[in-house]
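Oh and the sequence shown: position 179 is 179 in UniProt numbering, straight run, nothing missing.
Hints are not guaranteed to be accurate.
Below, simulated DSS-like cross-link-like pairs (lysine-lysine); rule was C-alpha separation at most 25 angstroms, straight line [to be verified]:
id : residue 1 : residue 2
1  : K151      : K11
2  : K193      : K68
3  : K10       : K68
4  : K179      : K193
5  : K151      : K193
Label-pair distances were calculated between CB atoms; the ranges are [to be verified]:
id : residue 1 : residue 2 : range
6  : M1        : A44       : 24 to 30 angstroms
7  : D192      : K151      : 22 to 28 angstroms
8  : I215      : N3        : 30 to 36 angstroms
9  : K151      : P120      : 42 to 48 angstroms
10 : Y214      : S114      : 40 to 46 angstroms
11 : L28       : N119      : 40 to 46 angstroms
12 : E122      : K68       : 45 to 51 angstroms
13 : N3        : D183      : 18 to 24 angstroms
14 : L198      : M1        : 22 to 28 angstroms
15 : I195      : A44       : 31 to 37 angstroms
16 : G118      : L15       : 33 to 39 angstroms
17 : K179      : Y214      : 37 to 43 angstroms
No wet-lab data here; the hints were simulated from the structure.
Virtual Cβ for every residue (Gly too), placed ideally from N, Cα, C.
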Amino acid sequence: MWNQVTVLIKKEMTLEWRQKYALNGILLYVVSAVFITYLSVQGALSIPTWNALYWIIILFSAVNAVAKSFVQEHQGRQLYYYMIASPEAIIVSKIIYNTLLTLVLALLGYLVFSVILGNPVEDQGLFIVNLALGAIGFSACLTMVSGIASKAGNNATLMAILSFPIIIPILLMAISISKNAIDGLDRGVSYDKLITLLAINAIVTAVAYILFPYIWRS
């Protein structure tokens, strides 16, 4: 299966490279959102607001990036995938690729935030680990929901409704851990929350892996 996953990830990267306008549009969204925030607050941004705005911008960037996972796959291409790859390989490759893409967006957002709005984070290591777990959670959740929505005519409203109950716990947990990293608290305070976030990611990924073959066959 992993050979299929590797080939499918390379395919995703090739398509993304050919259609640079999609990725460039998302990158432009991240940079402009941060810059507009800076102009609105004139640089006077409280730390809790900095933290919340960062994760909200990353969430919407992830939604824009991941929502097209199955939208761009027309029926002919899906039939072709059905013949050459297992559904498990398809969903795993989508989750891995979307995680990498979301991680790039999150790191870029962090860099832009740091340059334009300042960097109040005391514990950089904990913040980066939390950022990676948040990217995995967003990607797994949105990829699974995007696959379900694709079978309902790529209904954007359905995707928003289905992803909301899963995304909110991930978002709240990520914001809470980030606050601890910003305040420079002892890492032991965040271990329980990190384990909880990791468990949510594992559950969502496992559910996507188990359910996607049934969705794919329909």
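A quick look at each hint next to the structure:
1. K151 / K11: The hint holds at about 22 angstroms.
2. K193 / K68: Not satisfied, since the Cα-Cα distance of roughly 30 angstroms exceeds 25 angstroms.
3. K10 / K68: Measuring from Cα to Cα gives roughly 17 angstroms; hence the hint holds.
4. K179 / K193: Given that 25 angstroms is the threshold and the Cα spacing comes to 12 angstroms, the pair holds.
5. K151 / K193: 34 angstroms, violated
6. M1 / A44: 24 to 30 angstroms: With a Cβ separation near 52 angstroms, M1 and A44 fall outside 24 to 30 angstroms, so the hint is violated.
7. D192 / K151: 22 to 28 angstroms: Given about 37 angstroms between the Cβ atoms, the range is violated.
8. I215 / N3: 30 to 36 angstroms: 23 angstroms, violated
9. K151 / P120: 42 to 48 angstroms: 43 angstroms, holds
10. Y214 / S114: 40 to 46 angstroms: Between Y214 and S114, where Cβ atoms are some 44 angstroms apart, the hint holds.
11. L28 / N119: 40 to 46 angstroms: 22 angstroms, violated
12. E122 / K68: 45 to 51 angstroms: Taking Cβ atoms as reference, E122 and K68 lie about 36 angstroms apart, which means the hint is violated.
13. N3 / D183: 18 to 24 angstroms: 45 angstroms, violated
14. L198 / M1: 22 to 28 angstroms: 23 angstroms, holds
15. I195 / A44: 31 to 37 angstroms: 36 angstroms, holds
16. G118 / L15: 33 to 39 angstroms: Holds - the Cβ-Cβ distance for G118 and L15, about 37 angstroms, lies within 33 to 39 angstroms.
17. K179 / Y214: 37 to 43 angstroms: Because 39 angstroms falls inside the window, the suggested range holds.
Violated hints, in rising order: 2, 5, 6, 7, 8, 11, 12, 13; the structure is consistent with all others.
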